[in-house]
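Could you put the whole structure together from the sequences, leaning on the hints where they help?
Number of protein chains: 2
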Amino acid sequence: MTSSVMDRLWAVVPAGGAGTRLWPLSRAASPKFLLDLTDSGRTLLQSTVDRLTPLVGDRVVVVTGAAHEEAVRAQLPGVERVVAEPSPRDSMAAIGLAAAQLELEDPEALIGSFAADHVITDPEAFAACLTEAAEVAATGLLVTIGIEPTHAATGFGYIRGGASVPGFATAELVSEFVEKPDAERAEAYVRSGEYRWNGGMFLVRATTLLDLLAENHPDLAAGLREIAGDPSLLAERWPTLTKIAIDHAVAEPAAVAGKVAMVPGPFGWEDIGDFSALAEMTPSGASGVKVIGDESLVLAQDASCLVVPAAGRTIAVIGLEDVVVVDTGDALLVTSYARAQEVKAVVDRLKATGRTDLT
Amino acid sequence: MTSSVMDRLWAVVPAGGAGTRLWPLSRAASPKFLLDLTDSGRTLLQSTVDRLTPLVGDRVVVVTGAAHEEAVRAQLPGVERVVAEPSPRDSMAAIGLAAAQLELEDPEALIGSFAADHVITDPEAFAACLTEAAEVAATGLLVTIGIEPTHAATGFGYIRGGASVPGFATAELVSEFVEKPDAERAEAYVRSGEYRWNGGMFLVRATTLLDLLAENHPDLAAGLREIAGDPSLLAERWPTLTKIAIDHAVAEPAAVAGKVAMVPGPFGWEDIGDFSALAEMTPSGASGVKVIGDESLVLAQDASCLVVPAAGRTIAVIGLEDVVVVDTGDALLVTSYARAQEVKAVVDRLKATGRTDLT
Chain A
495 MTSSVMDRLW
505 AVVPAGGAGT
515 RLWPLSRAAS
525 PKFLLDLTDS
535 GRTLLQSTVD
545 RLTPLVGDRV
555 VVVTGAAHEE
565 AVRAQLPGVE
575 RVVAEPSPRD
585 SMAAIGLAAA
595 QLELEDPEAL
605 IGSFAADHVI
615 TDPEAFAACL
625 TEAAEVAATG
635 LLVTIGIEPT
645 HAATGFGYIR
655 GGASVPGFAT
665 AELVSEFVEK
675 PDAERAEAYV
685 RSGEYRWNGG
695 MFLVRATTLL
705 DLLAENHPDL
715 AAGLREIAGD
725 PSLLAERWPT
735 LTKIAIDHAV
745 AEPAAVAGKV
755 AMVPGPFGWE
765 DIGDFSALAE
775 MTPSGASGVK
785 VIGDESLVLA
795 QDASCLVVPA
805 AGRTIAVIGL
815 EDVVVVDTGD
825 ALLVTSYARA
835 QEVKAVVDRL
845 KATGRTDLT
Chain B
495 MTSSVMDRLW
505 AVVPAGGAGT
515 RLWPLSRAAS
525 PKFLLDLTDS
535 GRTLLQSTVD
545 RLTPLVGDRV
555 VVVTGAAHEE
565 AVRAQLPGVE
575 RVVAEPSPRD
585 SMAAIGLAAA
595 QLELEDPEAL
605 IGSFAADHVI
615 TDPEAFAACL
625 TEAAEVAATG
635 LLVTIGIEPT
645 HAATGFGYIR
655 GGASVPGFAT
665 AELVSEFVEK
675 PDAERAEAYV
685 RSGEYRWNGG
695 MFLVRATTLL
705 DLLAENHPDL
715 AAGLREIAGD
725 PSLLAERWPT
735 LTKIAIDHAV
745 AEPAAVAGKV
755 AMVPGPFGWE
765 DIGDFSALAE
775 MTPSGASGVK
785 VIGDESLVLA
795 QDASCLVVPA
805 AGRTIAVIGL
815 EDVVVVDTGD
825 ALLVTSYARA
835 QEVKAVVDRL
845 KATGRTDLT
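These protein sequence lines map, in sequence, to chains A and B.
Note that this note's numbering has the first sequence beginning at 495, numbered continuously upward.
Note that this note's numbering has the second sequence beginning at 495, numbered continuously upward.
Don't take every hint at face value.
Since copy identity is lost for identical chains, a pair holds within one copy or between any two.
Unchecked claim - Heads up, simulated DMTMM-like pairs for lysine to aspartate or glutamate below, C-alpha to C-alpha not over 20 Å straight-line: (1) Lys845 with Glu789; (2) Lys737 with Asp705; (3) Lys845 with Glu681; (4) Lys753 with Glu673; (5) Lys838 with Asp796; (6) Lys737 with Glu626.
Hints in this document: simulated from the structure, not taken from any laboratory.
What follows is the structure, encoded as structure tokens:
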């Protein structure tokens, strides 16, 4: 059964979101997913496709904004299917359009949706998890991947598991999706051991996804299927589609109806939300500092820091603890690990003053 | 008496020293005195001459390294006498050569020596102090200016005053010069109330200076007088001159002999030794941060900092206290006020690795 199910699995990669908290590295024109944040020689988008290719071959669809289509194609010469959204309509429309197109080609098609800007450190565990998740999805359930919480994060939604899905090793039915909690509730969720992070990965039959969508948002489901049937409608119909996240549109109501399963994902998952998260996953180099880029440009003296010398200039850091220095051609950021979240506020200030050249 | 004495006073400005602790602003090619560190629109050298001109008119001699002659002339179009040293031979040779030249032109010439990279905040008090000091110098004493200590600095020499000089308002005979003390001794000096900082300013008859020098270093005094008499000897004789600071060569032995007076200088004096000292004298701008340069380039959020946006790039500083950010075209420094002294060590490391392009 395994091989035939995996042969029907398509990877859908929605590549959107600017990653504002990673300014000045990430900009509207060079969003997070186009950057090599792990200093691996591959961008987050390329790494995402790299880890999917052994599982799905060339059955990869990337959905991105029209502004980034060219950059996405340049980074992924092996991926033929790049769907360019005329404008951002949130994740349901992006993933749903790919599902509607694939459903036409193969009524039995399965899709897995994987964000273009997450980091996964154990690709073998990822492959094993996906294989089980695809098999569960083939039975007609919407399957989400549950990430073991490493701390009481307030930046992710949580999933509460429940009864096992009969016949599968680890899958459980999902009893509840909960939105990003406050610190106290996050603490309680993690302490209970019953909750996992919602990593935003879904596996589901293309037709199941659209049918579930049709139950709650019939216009959106119909619109997506219409565009898939006649691509010439895209420019005209796309802007009229409901802007909604896939979690709200489908996963939450389907969970209430007992149609969502969760497979635990024990594969080392990181959503690089800000420079503090990036520092945490970046190893210290010979000089004792964490450098994304050319380490020879950084002179550190009694300093613990994350330094990104993206402008090619020499950077000296002396006597500072847990400090972030990000150097680009036209903008420089200096902050601390503890305050890295606040980068967004600076970007908002720049936007408010019309500095589109810098954002 | 005042006017005639001041009419014979020449200002000698030795313009040397790289200011290594102010890297990456100051470099071998752009030393501290050529920089506008006070953000006043005038460099330290220009400000030095600006405050002397009302006192001495065009009787200004700048002594600088051959490598900086062109830059000095460009910054000081009104100063005709710029003496270029073929190589650095310390302050006694630099000031002594100017003294020997002036002595030939006017046997009664007085010289005042003023470093090119100090900041003085009260020019009127400076003028009053200099007027008394010149009058004392005209009597044949070597006169030094004593700076009221504001803290137990270990980076300056100290001067101990003694008996008043009869006939003058504030001048005292100097009983002792002491070298840069350790912290404990500095504390004791300041507590005693008997010591002042040696600000490195001397006023003396040109002939007196050279005669005092001849008592302890006859070859050096003779060499300087020979070169003054025949400038064609400069290139050949200069490298053979003893390399010694004016304090050691003349001031210390003359003090022992009772030939040195001190006039207190209550005019707000700063030797900008490092970025911490620069931060202390830089007022906070509208954004609450201290900016040397274009304040509109700096976005600070809950940060106390000194920022030098010398590369014209936008700089965001978030949630940091007492941090120094100095941004230049090819190098960036991030440190704290408390560790600003250690910039020198980084420059030494760069020099050790042959990075003359950066130092």
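Hint check:
In this assembly of identical chains, the alpha carbons of Lys845 and Glu789 lie at most 20 Å apart only when taken from different copies (18 Å versus 32 Å within one copy). In this homomeric assembly, Lys737 and Asp705 come within 20 Å of each other (Cα to Cα) only inside a single copy, at 18 Å, whereas the closest approach across copies is 90 Å. Proximity of Lys845 to Glu681 under the C-alpha cut-off of 20 Å is found in neither arrangement, the shortest distances being 34 Å within a copy and 52 Å between copies. Taking the shortest alpha-carbon separations for Lys753 and Glu673, only the intra-copy value of 19 Å comes in at or below 20 Å, while the best inter-copy value is 84 Å.
Taking the shortest alpha-carbon separations for Lys838 and Asp796, only the inter-copy value of 14 Å comes in at or below 20 Å, while the best intra-copy value is 29 Å. Proximity of Lys737 to Glu626 under the C-alpha cut-off of 20 Å is found in neither arrangement, the shortest distances being 31 Å within a copy and 81 Å between copies.
Hint compliance for this structure: hints 3, 6 are broken, all remaining hints hold.
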